[in-house]
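Dock chain B against chain A, hints included.
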Amino acid sequence: MISIFQLFRIIFGIILSIFIIYFVVSYLSTYIGIQQAGMQAAALRSFSQTLQHVYSYNDPQPFQEFRKTALNFTWILIGEEPRITVEGLGDWNLPVPAVIRPGQELWLERKALDWGWYEFWIVTGVPDEFLFIININDADSKDLWDRIEPFLPGNRTKYANCHGANLGTASKLDFFRVETGELCELKPGKNQALITISSSCSPWYQPYGLCINPNVNPNGHAYYQNESFTWNDELDLIALILGSNHQDIYQHSQGSLSKRLLESKRYFFQHHVGLAAKTAAERARKLADYIEDKKREGKISPNADVVNCVQKLDDFADLLDQIAENPSKDKLDRSAQLYDDLVESGCEVRE
Amino acid sequence: MEYIFMTLLIVVILFAVIIFLAGWQATQLKLEKTKTQSQYVLNLLKLVSTSPLFVKEPSVYDAGKLLALKQECKELEKLFGRFTLNVTLVGQELTECTSDTWPDCTYWLICPHPGNYTAYGFPAAIYWPAGRVTDYGIHPRIDLGWIEVRWYE
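Here the protein sequences line up with chains A and B, keeping their order. Numbering follows our numbering, with no gaps: position 79 of the first sequence is 808. Numbering follows our numbering, with no gaps: position 9 of the second sequence is 70.
Extracted from the complex, chain A is given alone in its bound form (with noise of 0.2 Å):
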């Protein structure tokens, strides 16, 4: 027969025990949920240092430290200005200008246009897990495949056929070449995008996945599922390569990750291209004022040739002031050709 002290004794021992464990195992959760937010928010900084490296040094690198701790990011607008999300851990700021398709190993490559007085940068990546086929079937389309290849990161294309056959020995990171007299009709598998380029890609004929069309009248146009876009330069098709065949949770609210890429590739060409072109502009125009207070001292004759440069200069600080407005392709196609000019009659020197 037990005595009520003992009674109470077992009792009070089994609230102890369960209140001691329960503080022990809620603790032990949320410490190792810490470490694990933790360790995300590393490879997400290491991913930023990535990036930068990329960009700074155009020093192509492997990324695979989402892989270690199962992190899954996927790429938002917050307004004009894209983020990569995680969940439990919000939205990261991108160092520097990318459009990069998620994954957990990715390929990061710096890829540029160039002006000559500027040239804009962007780091792409792709997922190492992941195939595109690009289908081509008329002579337009080869051209701008031929424009747009060099863009690619990894640019290791291979040739396949239309069926398939061929992507069993397919190694990671590649691009698969398809050229057809006809549109190929395979429905891409999983880790797989169809892109076709073809003249009769229209918003009432489109094959499965992304459909380029490659004729520009004055801008080209391009259509996934029930969207269409405008491209004007090769980083616009890149965006919209890189984003074709994903699903993810901010498809139905932001639009799919092609329509999010292309945003983001033109809010970073906007405010860098715009931003160059201002302080290319003004420096153009101290140039010429320089040169114009050399001329009233008497130290260069008024007859010298670099007094030519002053109107080229002002011309060229003129065009720059609208693509600082509007950085169309045909005002910065305009721009690369009045630079070259500028050097070529020794009113610059070439970067």
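Possibly wrong hints are sitting among the right ones.
As the list claims (entries may be wrong) - Per label pair, the in silico range of CB-to-CB distance: (1) A/I749 / B/K94: 47 to 55 Å; (2) B/G176 / A/S1057: 18 to 26 Å; (3) A/I747 / B/Q89: 30 to 38 Å; (4) B/D204 / A/Q954: 51 to 59 Å; (5) A/E956 / B/D204: 22 to 30 Å; (6) B/G142 / A/F752: 36 to 44 Å; (7) A/S931 / B/L205: 55 to 63 Å; (8) B/G176 / A/Y934: 58 to 66 Å; (9) B/Y197 / A/D788: 53 to 61 Å; (10) B/Y197 / A/Y979: 55 to 63 Å; (11) B/S160 / A/I807: 30 to 38 Å; (12) A/E956 / B/W207: 44 to 52 Å.
Claimed, not checked - Derived SDA-like pairs: lysine to any residue, alpha-carbon spacing no greater than 25 Å straight-line: (13) A/K840 / B/F141; (14) A/K840 / B/E136; (15) B/K96 / B/N147; (16) A/K1041 / B/L140; (17) B/K94 / A/R1014; (18) A/K1015 / B/C134; (19) A/K840 / B/Y101; (20) B/K107 / B/Q132; (21) A/K1015 / B/T88; (22) B/K96 / B/W207; (23) A/K1028 / B/T156; (24) A/K1060 / B/E133; (25) A/K1007 / B/R202; (26) A/K1041 / B/Q132; (27) B/K135 / A/Q976; (28) A/K1041 / B/P201; (29) A/K1007 / B/P164; (30) B/K135 / A/R1014; (31) B/K96 / A/K1007; (32) B/K139 / A/H782; (33) B/K91 / A/P824; (34) A/K1007 / B/C134; (35) A/K1028 / B/K94; (36) A/K1041 / A/Q983; (37) A/K1007 / B/Y178; (38) B/K94 / A/K1058; (39) B/K107 / A/K1024; (40) B/K94 / A/G817.
In short, the hints are calculated from the structure, not lab data. Note that the Cβ used here is the ideal one computed from N, Cα and C, for glycine as well.
Same frame as chain A, now just chain B:
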């Protein structure tokens, strides 16, 4: 009675371990914060010394671009965060570069802010697009300078 003392002892030890772990974690976080800040400024320095927005070629700052960027703080902040760039020519009397003094000037202070900052500096070259103008053209010049990047929390 000894059971109660034993239980109390276990609870005290448990709380002591928790306090120790929490304290250790807080110290680690402080260290991590300092490390992250330093890393951030170094990365910013890397970006600023290679980005075509600032340089003619890596680590060669363009005196014309630096002058123009002085008026673009808002846009620079959007792209690179809140930072200050201080560029000074080495061994020359200090004259700030403005629209009136350029190119007869020796330092640029781009986007100055009040407050505490972490800074890193290193030597770099300054490219003058109009180093000398003759009847035959514009001849650039390169000077030695010191670059300091300051980052604000």
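Are any of the numbered hints broken by this structure? If so, which, sorted upward? Checked against the structure, the hints that fail are numbers 1, 2, 5, 9, 16, 17, 21, 27, 31, 35, 36, 37, 38, 39, while the rest are satisfied.
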